[in-house]
Amino acid sequence: MSLAFLAREKLPAWTERLRRDMAVFAPILKNGHATFRAVGPNEFLDLDRIPVTSAKLTVFPQTDILFSFVIKKNPDDLTQTDIELKSNLAETPRVILGARPCDARGLLLMDPVFDGKVKDPYYLARRERTTVVALACAQPDRACFCPGAGGGPYDTAGADLMLLPVQDGWLAQALTEAGKKLLYDDIFEAPGDRQPQAQELRAKAEAYLAHAPDMRGAEKPFWRLFHDEEFWDEVTAGCLRCRICAYLCPACTCFTISDEEQGLRGERIKTWDHCMSYMFTQEASGHNPRSPKAYRMRNRIGHKFCYYPEQHAGQVSCTGCGRCVRSCPAGIDIRRIVDKIKRKGV
Amino acid sequence: MSKLDLLREAIRAKLPELDLVLAWGDDAPLRAAPLFVRSEDDLTRLAHPALCVTNGAVYLYTLRSKKIGLVVKGCDSRSVIQLLQEKLVARESLYIFGLPCDGVIDERKIGQEITDAGRTVSLTIEEGRVRVRTTDNEHVLDLDAVLADRCLRCRYPNPLIYDELVGEAIAVGETPQEPDDLDAFENLSLDERHEFWMETMRRCIRCYACRNACPMCVCRAHCLADSRSQHWLSLETNVSQKWFFQVLHTLHLAGRCTECGECERACPMGLPILLMRRKMNKEIKELFGYEAGIDPTATPPLQTFSIEEDKIWEREL
Amino acid sequence: MSALLNPYLPSIARILNVVEETPDIKSFRVRLCDEQAMEAFRFEPGQVAQISVFGAGEATFVINSPPTRREYLQFTVLRVGEVTGRLHMLRAGDKLGLRGPLGNWFPYQDMRGKDVVFVGGGIGMAPLRTLLLYMVDNRSEYGRIRVIYGARGPANLCFRKELEELREAGSIELELMVDQASLEWSGRVGLVPNLLLELAPSPENCVAITCGPPIMIQYTLAALEKLGFKDENVVTTLERRMKCGVGLCGRCNIGGALVCVDGPVFTRTQLKALPSEF
Chain A
1 MSLAFLAREK
11 LPAWTERLRR
21 DMAVFAPILK
31 NGHATFRAVG
41 PNEFLDLDRI
51 PVTSAKLTVF
61 PQTDILFSFV
71 IKKNPDDLTQ
81 TDIELKSNLA
91 ETPRVILGAR
101 PCDARGLLLM
111 DPVFDGKVKD
121 PYYLARRERT
131 TVVALACAQP
141 DRACFCPGAG
151 GGPYDTAGAD
161 LMLLPVQDGW
171 LAQALTEAGK
181 KLLYDDIFEA
191 PGDRQPQAQE
201 LRAKAEAYLA
211 HAPDMRGAEK
221 PFWRLFHDEE
231 FWDEVTAGCL
241 RCRICAYLCP
251 ACTCFTISDE
261 EQGLRGERIK
271 TWDHCMSYMF
281 TQEASGHNPR
291 SPKAYRMRNR
301 IGHKFCYYPE
311 QHAGQVSCTG
321 CGRCVRSCPA
331 GIDIRRIVDK
341 IKRKGV
Chain B
1 MSKLDLLREA
11 IRAKLPELDL
21 VLAWGDDAPL
31 RAAPLFVRSE
41 DDLTRLAHPA
51 LCVTNGAVYL
61 YTLRSKKIGL
71 VVKGCDSRSV
81 IQLLQEKLVA
91 RESLYIFGLP
101 CDGVIDERKI
111 GQEITDAGRT
121 VSLTIEEGRV
131 RVRTTDNEHV
141 LDLDAVLADR
151 CLRCRYPNPL
161 IYDELVGEAI
171 AVGETPQEPD
181 DLDAFENLSL
191 DERHEFWMET
201 MRRCIRCYAC
211 RNACPMCVCR
221 AHCLADSRSQ
231 HWLSLETNVS
241 QKWFFQVLHT
251 LHLAGRCTEC
261 GECERACPMG
271 LPILLMRRKM
281 NKEIKELFGY
291 EAGIDPTATP
301 PLQTFSIEED
311 KIWEREL
Chain C
1 MSALLNPYLP
11 SIARILNVVE
21 ETPDIKSFRV
31 RLCDEQAMEA
41 FRFEPGQVAQ
51 ISVFGAGEAT
61 FVINSPPTRR
71 EYLQFTVLRV
81 GEVTGRLHML
91 RAGDKLGLRG
101 PLGNWFPYQD
111 MRGKDVVFVG
121 GGIGMAPLRT
131 LLLYMVDNRS
141 EYGRIRVIYG
151 ARGPANLCFR
161 KELEELREAG
171 SIELELMVDQ
181 ASLEWSGRVG
191 LVPNLLLELA
201 PSPENCVAIT
211 CGPPIMIQYT
221 LAALEKLGFK
231 DENVVTTLER
241 RMKCGVGLCG
251 RCNIGGALVC
261 VDGPVFTRTQ
271 LKALPSEF
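Residue numbers (the working numbering), protein chains in the order written: chain A, 1 to 346; chain B, 1 to 317; chain C, 1 to 278.
Worth flagging that the hints you see were computed from the coordinates, not collected in a lab. You may find that some hints are simply not true.
[To be verified] Taking lysine to aspartate or glutamate and the EDC-like style, the derived pairs with C-alpha atoms no more than 16 Å apart in a straight line are:
1. A:K117 - C:D262
2. C:K272 - C:E232
3. A:K204 - B:D116
4. A:K72 - C:D94
5. A:K30 - A:E16
6. A:K73 - C:D94
7. B:K282 - B:E164
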């Protein structure tokens with residue numbers, strides 16, 4: 001196991017070095033909020049705050065062009081048209097720098113969706129070219145509950161390289177060849193005797209999360225409560241049907257496809273969508289099977305904690321990152337909903 | 001009796017006549033969430049008034065067929081008045097508990113004062129101070145330093161509409177003269193202002209929380225921004241589409257926005273979008289001498305038409 | 001990049017001709033522009049395709065012609081919204097996009113040697129037509145074929161001429177019905193589920209297939225249950241808003257099933273295992 005040390009002041013140099021060979025996606029701080037995006041030259045990375053957004057946009061961008069179309073008219077007979085489609089797959093190698101263990105786990109939850117029986121070539125082109133540099137969480141907060149979803153603040157699942165916080169920087173643990181390649185000699189040093197410090201921080205973080213509620217095993221109670229309309233009305237009451245929870249969630253993958261045209265040309269694009277939106281299941285006939293907001297919440301919770309685990313050996317479609325809890329303007333807490341389901345659905 | 005106790009008793013007394021009461025519950029230590037009180041048991045969860053940041057008026061339109069009680073601060077009451085002006089809710093279906101308010105805590109400001117706000121265990125409010133106990137520390141902050149900006153410039157601490165007032169009305173004294181960010185913004189050149197908004201829109205994730213948290217946004221599934229039968233907006237998340245949406249939203253709120261600030265509070269990115277709406281309101285005030293959410297019998301200026309508008313004068317642009 | 005590797009990329013097809021079936025229903029007969037691809041195109045009765053009108057978007061339609069008749073692929077389209085509205089403006093010679101075949105198909109092998117009852121309403125006759133014509137083309141493999149079909153009015157009966165010709169030829173028994181009486185109609189008036197109960201086909205060695213508006217399907221399924229049809233012998237199709245059509249976008253789920261890959265064809269047995277979110 002290769003272990004090295006990155007001094008805090010060497011982080012900008014490492015970032016610039018990575019940027020030479022690949023696109024770097026990392027949390028950038030602005031106005032007190034750290035959010036993942038493509039890093040520009042000499043941008044300040046924030047590896048201390050828990051990022052508001054997830055790193056999923058690296059492999060699953062919010063807007064993705066499926067193809068462009070051009071309608072060509074035959075000059076000799078303008079009523080005759082031909083259609084030309086052009087599509088491109090990503091080719092740039094990329095690295096997620098500072099993915100929390102929940103972000104890395106999110107990618108592992110997305111893989112079976114886009115790399116299952118039917119493969120999404122746009123996702124795969126990015127995923128195959130992505131190296132994940134994960135950052136362990138020494139300071140989880142109140143909203144975090146990753147152990148309850150099968151992860152942990154120092155979980156290495158899905159990471160190529162793991163950064164372990166210490167006082168003057170990070171210990172770096174290579175987990176794959178791809179991760180090892182990023183341990184440039186002129187930037188990384190020997191670990192010294194920092195391991196006990198890293199271990200201590202780890203023990204503290206895991207102790208802080210020792211009481212994370214278990215989000216698994218809610219399948220049977222969920223089915224028992226499926227028709228309890230009062231229950232679903234009650235847990236959905238405050239929901240504003242915005243898109244925050246789905247957009248911030250590392251495991252949410254629903255998208256819509258739309259054509260955006262300008263005259264005789266245009267693009268078919270894929271964009272993030274949200275199951276809490278009324279239009280999500282609105283049919284052209286006017287019928288909507290999930291007209292009440294409560295039905296949509298039932299479907300959302302059902303998908304994450306019942307349908308997905310039933311098809312993936314009990315693994316929930318949730319990383320316990322707490323982003324939805326932190327940012328929901330109406331204070332909806334998914335931990336409480338699952339807890340209520342488990343207690344009431346007996 | 002504390003204001004919280006008075007509120008609890010007031011709600012308890014009226015609850016049997018109402019389908020539910022919209023108040024605030026202490027679900028997270030730094031701010032309270034909307035609480036839908038349906039039974040007396042729910043009353044044990046009522047939150048301290050300084051944490052009651054959300055605006056319950058946003059639920060009124062969906063609940064308009066029910067008889068509901070609603071606890072309002074001054075700012076919330078203006079949203080209720082605006083909804084009444086536009087006949088979006090009926091006065092008879094509401095029982096309003098007016099809660100005079102000294103100001104609410106902005107959790108983001110606590111996050112600016114202390115680095116481990118996310119690990120808060122408890123928050124207690126004492127005379128002019130806030131004691132925040134986190135996992136590893138105890139912080140004592142000045143209440144004034146963590147009150148929401150809009151509270152610092154609040155002109156309506158007492159609700160403008162209510163069926164009963166909970167506690168004593170607050171004497172309206174001098175509003176503290178804080179440097180106004182709107183003035184500072186207006187001193188920027190047009191190019192600088194444009195760059196400010198473009199940079200802000202780059203960080204926007206088009207989650208529509210600002211729209212959905214707004215009590216005046218009742219279009220819901222029919223919102224122009226979501227309409228696919230007319231492609232007013234494309235679904236691309238680029239700066240121009242996000243900017244188009246913000247401008248659209250602000251224009252649709254002209255003469256209707258009561259500056260409750262929920263749009264900005266709901267934004268997960270902390271974007272300063274309330275600024276745009278305040279600027280719009282300033283224009284409306286100058287043009288029509290009108291302020292939204294004050295008089296339930298008034299008509300918003302952009303929802304009426306006269307050949308001769310008494311309030312529009314020739315303006316130098 | 002080939003369409004096989006990219007499930008989102010449509011093939012281009014040319015409209016051969018457009019048939020006006022009713023005032024708001026048109027059938028489009030198309031051929032893939034790539035001749036080799038057209039020759040190699042194989043599908044089962046009941047499978048669907050996503051048809052693109054570039055600029056408007058895509059919509060899902062059953063491949064309405066049977067796999068036994070492959071000079072063209074037919075799609076019968078009811079005009080209800082944006083994509084179908086733009087589609088209805090297209091004429092012979094125009095191009096559109098096609099992704100398919102998608103979804104599952106009618107379990108026609110299990111129906112061999114049995115009697116079949118088709119119960120259709122409105123545009124629901126479109127998916128039924130595929131299976132019906134397939135069975136007619138393989139007539140000796142099936143028993144009695146009865147079609148019970150109703151629509152709003154006589155002008156809304158889709159494929160009416162074709163169905164009546166099949167009856168004349170002795171291939172099928174046919175009962176047509178309209179919701180409301182009118183001067184040009186001297187036939188049956190009423191609702192299809194009621195006619196079904198009146199005709200009371202025997203469930204013995206018989207399969208029933210029904211498609212139509214959700215409310216009609218609901219009552220028809222109830223009627224079939226009353227008549228004693230076993231769950232595995234009752235087949236229907238479900239509709240859901242669809243986008244990717246291949247199980248990636250997560251939108252068309254009913255519980256843990258995805259209508260685009262686990263359907264759109266479902267037996268009553270399968271329906272009963274799904275949560276009731278219709």
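Evaluated hints:
1. A:K117 - C:D262: 13 Å, holds
2. C:K272 - C:E232: 11 Å, holds
3. A:K204 - B:D116: Cα-Cα ~15 Å, so holds.
4. A:K72 - C:D94: 11 Å, holds
5. A:K30 - A:E16: 19 Å, violated
6. A:K73 - C:D94: 11 Å, holds
7. B:K282 - B:E164: Judged against 16 Å, a Cα distance of about 32 Å means the pair is violated.
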